[in-house]
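Each chain is listed here by its residues.
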Amino acid sequence: MAIAASFQARTLPRALIGLYRRNGGQWPLIGISLLALSVIVVLLIVIVAVAFQDEIAYGKLGSLTLENFRTLYGDPLFRSAMANTAVFACVTVLTALAFGMPIAWIVERTDLPGRSLVFSLLAATLLVPGFYVAMGWQFLLHPRIGILNKWLVDVLPIETAPINVGAVPVMGIIQGIGLVPLAFIMMAPAFRNMDPALEEGAQVHGMGVIARIRKISLPLLTPSIAAASIYVFAIGFAAFDIPAFLGLGNKTFTLSTFMYVKTQPLDALPDYGVVGSIAFSMMLFALALTWWYLRVIRQGHKYQVISGRNYRPTRLQLGRWKLAAWGYVALLVTLSLLLPLLTLLWASVLPFLMVPSAAAFGAMTTDNYTNIPWKGFWGAIKNSAILIVATPTLASLAGIATSWIVTRSRMRGAWAFDLVSFLPHVIPNLIFAVGALLIGLFVIPAFVPFYGTVLIVLMVYVVTTLPFATRMYNSAFTQVHRELDEAGYVSGLGALLVLWKILRPLMAPTMLYAWLWIALLAYRELTMAALLVSRTNLTMPVYIWSVWDTGNLNQAAAVGLLTFMVFSPLVLAYFIFGRRILPWSD
Amino acid sequence: MGITVQGLYKTYQSGGEGVPALLDVSLEVEDGEFFVLLGPSGSGKTTLLRSVAGLERPEGGSIYFDSTCVFSGDQNLHVRSENRQLGMVFQSYAIWPHLSVYQNVALPLTHGNGKIPRRLVSDRVNEALALVGLQDLGSRSATQLSGGQQQRVALARAMATKTERLLMDEPLSNLDARLREEVRAEVRTLIKGAGVTVLYVTHDQEEAMDLADRIAVMHQGRVLQVGSAEELYQSPADENVANFLGSMNWLGGSIGEDGAIHTSFGTVLASGASGLAPNARVRLGVRPEGIELGDDAGGNSGGGNLFSGEVLSSTFLGDHRAYEIKLADQVLNVRTPVTQLHERSVSIHIPEERVNIFPSDG
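Chains as they are written, first to last, in the working numbering: chain A, 1 to 586; chain B, 587 to 948.
Possibly wrong hints are sitting among the right ones.
Sample of chain B residues lacking proximity to chain A, with all beta carbon distances greater than 12 Å (derived) [what the hints assert, rightly or not]:
hint: 1; residue: Asp610
hint: 2; residue: Leu706
hint: 3; residue: Glu768
hint: 4; residue: Ala780
hint: 5; residue: Gly813
hint: 6; residue: Ser840
hint: 7; residue: Leu862
hint: 8; residue: Glu875
hint: 9; residue: Ser894
hint: 10; residue: Lys912
hint: 11; residue: Asp915
hint: 12; residue: Glu929
Straight line, CA to CA, 27 Å or less: simulated DSS-like cross-link-like pairs of lysine-lysine [claimed, not checked]:
hint: 13; chain 1: B; residue 1: Lys701; chain 2: B; residue 2: Lys748
hint: 14; chain 1: A; residue 1: Lys501; chain 2: B; residue 2: Lys701
hint: 15; chain 1: A; residue 1: Lys215; chain 2: A; residue 2: Lys322
hint: 16; chain 1: B; residue 1: Lys778; chain 2: B; residue 2: Lys748
hint: 17; chain 1: B; residue 1: Lys778; chain 2: B; residue 2: Lys701
hint: 18; chain 1: A; residue 1: Lys501; chain 2: B; residue 2: Lys748
Facing chain A, from chain B, some residues (calculated, C-beta under 10 Å) [stated by the list, open to error]:
hint: 19; residue: Arg670
hint: 20; residue: Tyr679
hint: 21; residue: Pro683
hint: 22; residue: Leu695
hint: 23; residue: Gly700
Hints were generated in silico from the structure; no laboratory data involved.
The model shown is predicted, which means the values in this text are computed figures rather than measured ones.
Where is the CB? At the ideal position from N, CA and C, for every residue including glycine.
Excised from the complex, chain B in its bound form (with noise of 0.2 Å):
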């Protein structure tokens, strides 16, 4: 029930040039798995997620669902969507609007690759729809249902024909902040009960990390990384990736003869800096809610990474608190728990497993 993806390229046609959409992407999603394509738009989550389906054609590449092949560039192979028994929730949600709730979830189980005899359409049909708590309305026009209530005719619509496959683009991104919780809540529970395997597309990194066993981050048509949500989030594999997930504070430093980065407020010393060469420039990425303050009276309480700020700003916001730090001509951002506060001269501390190192262009 996995899914393989091999070197698929893929360039669209933009005003007589091509704009490349997929370069040399490759995945493994494994059996069972709910992984979660994460990206800006214009990454190439949906394309790839599209060729998938069978619904795009890419260049060149290759598509395997376990040991069947169902996309060959090189053997020039294009499995067609309707031949390759998916499940797919689309972001506009794609309920047919001529039928009614029971006739959408119906349409696979009587004419699609969900084929099975008529006499016992009906029972699933219903089972689907109980399953998202849509029993009721199954004789409603579909365009009478509220946003929430499509989308969960469209998961029942695809799960119905009780495919291994199940395709998700953005498929919450039309709800409003709070259903969308609610409906990511029963996603979770739904799907991960059923077994199925997933691959799900979004923007959102709260929703992704929610979801995801394993997260793959997408940027300008490339897979930048893949991993747990944790693994992204404590070390991830370059800046776009950090920036994409969560925010990070930005240092600029150089190796020092020591194996400590050396910057404009002090040194500072890094678990991960040993291997660089000296004298290489490098940036420092700090996650807010990685930075410890103390009173400045504490001063040196042993370790290193230990500086001393000036607050700035102080915002309350509900579940912690924000602060910006002047550290001599940096600003930083951190967070602290709401019962920390602080006002004028601070101790920062930098817990060295925190600071992520990375080459610097410039």
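Extracted from the complex, chain A is given alone in its bound form (with noise of 0.2 Å):
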């Protein structure tokens, strides 16, 4: 142990004398990109420690054991959710691709006017969190009060009504179409890029429109459908507020909203091995998807066929089918913004929901507006203004260390960092609000202000919104010509000089870009709030969703338009400075 003990006092300083020498003034780049992976490392390795573990306790550490996982897989209730899960993930893709993949050949081949309306349209789907939507898909479709399910009744010969927006099924209707315009974000280069002479090849060769979709196009796209596919399908599984605010209420659990009342049980002390185990669980099936998901990116390769050659990308002419294809592209607007949106702002001006009508009118009030608990919603907006600040200066600093590290520095083991930075983006945000439970609640000594602060809810979102800064900067490192920064170099500017001085103005718009993007994801986020909040550090979605778990679903509704009007700013801001690309497209 003694010799142990000095070797690694020796080694370190020197190890760390010699890394600074070797990399002169890159060190607090490095060190400020060690510091946020590091916490990425650490969560992760929490989660498999409390997994393996039988009992847990602040600072002791149990013994090795797969009982935690015994206990979960025999859980009838644990099984039904996996069902659940696997049907409302399925679904989810099948909508998404649904409406994505029509989308997509609509802009990307045919003459449709105003194809890049269609663009902004998709944009402003991305901008309204999805529990918004949940919530007007409440007031639409409840069993019991929903209007659209009364109205339903009202006209057509049946006693009861007829959706459930608790089901499964429904709920993962609602989720695929909120992420419709990630699967056409997907597809859509696909469709640009093929070469129409191979369309027109079976054209000439006397096959008709089906037969040539069929048997041509399909299966040239077959790989970024599949791509697309799992992509949606890694989202839909983990998904949180959809499942959260439509199954909770009926108990139907999907594997997120499962976990979620395991740490929070009305009737006993939370069982944290099972929580670990079902975090575990998910993080091995999600690394899966991703490795599925490489392998298909990969074989997509071999259908390249449209490198360098120039052609004339030739559109088909919609004639009268314009307006079925407007149409289409409407309804998608109409079920994921436009009548969810309303039927929010319909709900917040009445003391109970009621089908349109005089009466209905007549009853109009702002009560729900007035009655707002303030001092709530302040501490709530105050928590959550802290958040949107604070997660995207953040996660922009570590970004821009490690991209620079990945993609200028040439160190050896850079493309660790690249990786470590990446887990978060696979690995869904949920496990990673968990490990931060797991080290709040059994690592960090009580006195220590962390647990049940905004900074625990601070630092897992600065790490699970990496990845988006990472992927930005790497894109704009590589943008700029590598000369540019050895001309700084050559003149006798140090590595934090040339990044000052020559680098980030060049990507001052990137960087405005990335800030932006990144708060909207803050103030969007109520997964791994919700997992990580108490009354102490409340967040305004976390703050909604606790008025609409008491049951006062109006009064929900008015908080939530509230708050969309209180960062009204921060989406206006993303889409005057910052609508360049959607940032996922690489």
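Build the complex: two chains, separate frames, hints provided.
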């Protein structure tokens, strides 16, 4: 032991000095990046440690066991949650494809007038938090009070509500509609880049439209459709907002909501070993999906017949069909934005939910707004505002440092920085929140103000948004000619001065864009906050949810809309300054 | 102010295997010398320059600036680029696009290795800009400039710090032909006047010959030959150097007992043949302008190496005339002044001292 200790004591400083000497002015960048990346690693390690231990208590290690997994997989509720999740995620994928694929084709391969408007509409869909849409649909399709259900019972010869918003497939459809922009962005390049000559070749040889699509276009598009499907599935299987808002009320669980209720059971102390084993299982499954996704992407390259050669994309003339095409886009916008948000507005000015009628208009009131418990409201607004400013700032700093190491430093092992910084994109955010929860409870001593503060939420937000930052900065760095840095070095500017004097001004648009996008993510984030938030560090989305959870649905709608207004400058800023590209289009 | 390179090694990782870029490269650039690294792409010349700049880190060998070691593989020493006190002109010019012309030149003076008191910066920048004829464009955005102007800004930026060593990486290759000659002339007068030591990379032999005090020809990571332009051209060390600088007629033969060289078209005498073993196979290299043509009727006007051949084609190329001439089973390329016009049969004279002899592989 003594030998090992002295060995470490001597080599560690020497290693650090060596690192400093070799990397010169790079050490602040390496330090910042290492700090962020070690948080990621630690969060994941804690989950593994907790999942495989029996008795967990602060500062104590239990013995290794598989008992947690045995308990978990023997729980019938968990098995039904797995089945629900499978159905939910599959329906999500099908819905996202059902809208995303035709719209990608319409935008990329037809002469539809006003195509660019479709992009803006999809971006708008992205900007509205999923739980707003969920609340809207609850008002529309609640089995007892849902407006649409009531109306259908009136006009159709049926006695009971035809659609239950809490049913797994219905939740899947609502989730899927929200993910259409993502599916669109992932498939559009494949539609755009397909050489029309391949289809024309089939046409010349006498194949009709249907045969051409079936035999030529679809097979060529298969890899990108498959990749988009896996990607959407990975999001769907860990989604929280919609299953939480719509499913928890009637005890329909998916994996993420099941894990959530396990962290805050009503009748007993939470069994964190079991929570850890759910998180570990989800982590493994997510990694498997990623592996599959990367395989599909790699296979897709086999089909790349488009390299380098020039061709003029010919667009199908829609003629009279353009009305139908716009109709389909309009349907999506109605389902994903207009209908749920208008319903939310409608519900927020009524004492209880009513089908629109003269009586309903007569009963309109501002009580839901004036009776908001303002103390809680402003407290949550304050916390959210802190997170909206601090998250993108810190994530950008860590992102710049990491991307610089990955793209510029030529440091040995730079690939590891790339890999670790990408993990939060692959592993569901929820898992990191669980990790932070466990650290807050079992690792960090209680007298350190961490658990129950904004700090714990901020830490998780920063590492989970880091992949967005690194991906944007990776491409920003690659777009700046390396010789521009090198001219700085030869002129005698060190790494930090080159970064500040040369790269910062050149990457300013990316910085603004990345900051705004991550700020928006922090604003809409509910999943992680739900696990980490207590009375003392309430964020706005969780506050809305808590009002919702107590059954005061109409007031929750009012709080939601008010929140939206408070933070609308951010959304506006994004549309004015940031709407360059959608962030995950790589 | 000299640069000494000793036994430099560098490999690149490509698809899992190391591709050698520099193989035991040694050079000595003297104080105030204009030294050109010449070679085809992939020859390692840019890697060598970037190693001197400190932008690449070789695996072995050493680099000295005068007696100061800036890189040593053995001692694990690598002085970072920003501490090497250099000026450099890049192939892409690397003009910082967010800064004005003035700011581009000023940045190394305010924040870099040429740091001087702030009040002196503007004089120094204006002086440098005046040197390259851009004194009126200081406030322009650098991206509004033409290629030639950007090139001048890069030069002004590199020289404004009054560095003693200037590195230039194919600085003229992005300019069109006419501009290239113009800027080349400026580079020559400006830099030679400043008395700095220059290490200059190019693949253009004419540029190299025009600018260089000495040239190092590089090929596949090695330095093949170092010398003045004339030495390299007239007595190349091997076939790669000969082929890279100008063109060459290649003739096969073998050394006879008498020291003369036997070829398919007769016996050739060469001044360099005496030291070679009899019966060795050799290749003869003769420059197109080293061959003299005469009217066939002249016959034997004395001296050896006189043959008769047949004119296959004759092309007027403005400043000279190019012939293809059949000599037994060989075709020779010959250049003559435009005033010489030959038809059909000619006599061919290959002066002894114009024949370069190389050992033959097969």
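| task | So, Tyr679 of chain B near chain A? Judge it on the closest CB pair being under 10 Å. | result | Tyr679 of chain B check passes; min Cβ-Cβ to chain A is 8 Å, inside 10 Å.
| Beyond 12 Å from every Cβ of chain A: is that where the Cβ of Ser894 of chain B lies? | Correct as stated: the minimum Cβ-Cβ distance to chain A is 53 Å, above 12 Å.
| message | Hint validation: Gly700 of chain B versus chain A, beta carbon distance must be below 10 Å. Holds or violated? | response | Interface hint status for Gly700 of chain B: holds (7 Å vs cutoff 10 Å).
| task | Determine whether the non-interface label on Gly813 of chain B survives the test: each CB of chain A must be over 12 Å from its CB. | result | Since the minimum Cβ distance to chain A is about 28 Å, Gly813 of chain B lies beyond 12 Å and the statement holds.
| task | Compare the distance between the alpha carbons of Lys778 of chain B and Lys748 of chain B with 27 Å, and conclude whether the hinted pair is satisfied. | result | 13 Å, holds
| message | Given Pro683 of chain B as an interface hint, is its Cβ closer than 10 Å to any Cβ of chain A? | response | 7 Å, holds
| message | If we take the beta carbon of Glu875 of chain B, is the closest beta carbon in chain A still more than 12 Å away? | response | 39 Å, holds
| request: Given the hint that Lys701 of chain B pairs with Lys748 of chain B, test it: the Cα-Cα distance must not exceed 27 Å. | output: 11 Å, holds
| Are all C-beta atoms of chain A more than 12 Å from that of Leu862 of chain B? | It holds; Leu862 of chain B is separated from chain A by about 48 Å at its closest Cβ, greater than 12 Å.
| said: Does Leu706 of chain B clear chain A by more than 12 Å, comparing its Cβ with all Cβ atoms of that chain? | reply: Label holds. Min Cβ-Cβ 16 Å, cutoff 12 Å.
| message | Confirm or reject: Lys912 of chain B is not an interface residue toward chain A, with every Cβ-Cβ distance exceeding 12 Å. | response | Given a closest Cβ separation of 43 Å, the condition holds.
| message | Lys501 of chain A and Lys748 of chain B were given as a pair; does the straight-line alpha-carbon distance stay at or below 27 Å? | response | 22 Å, holds
Going down the numbered hints, you'll see the structure goes against none, and every one checks out.
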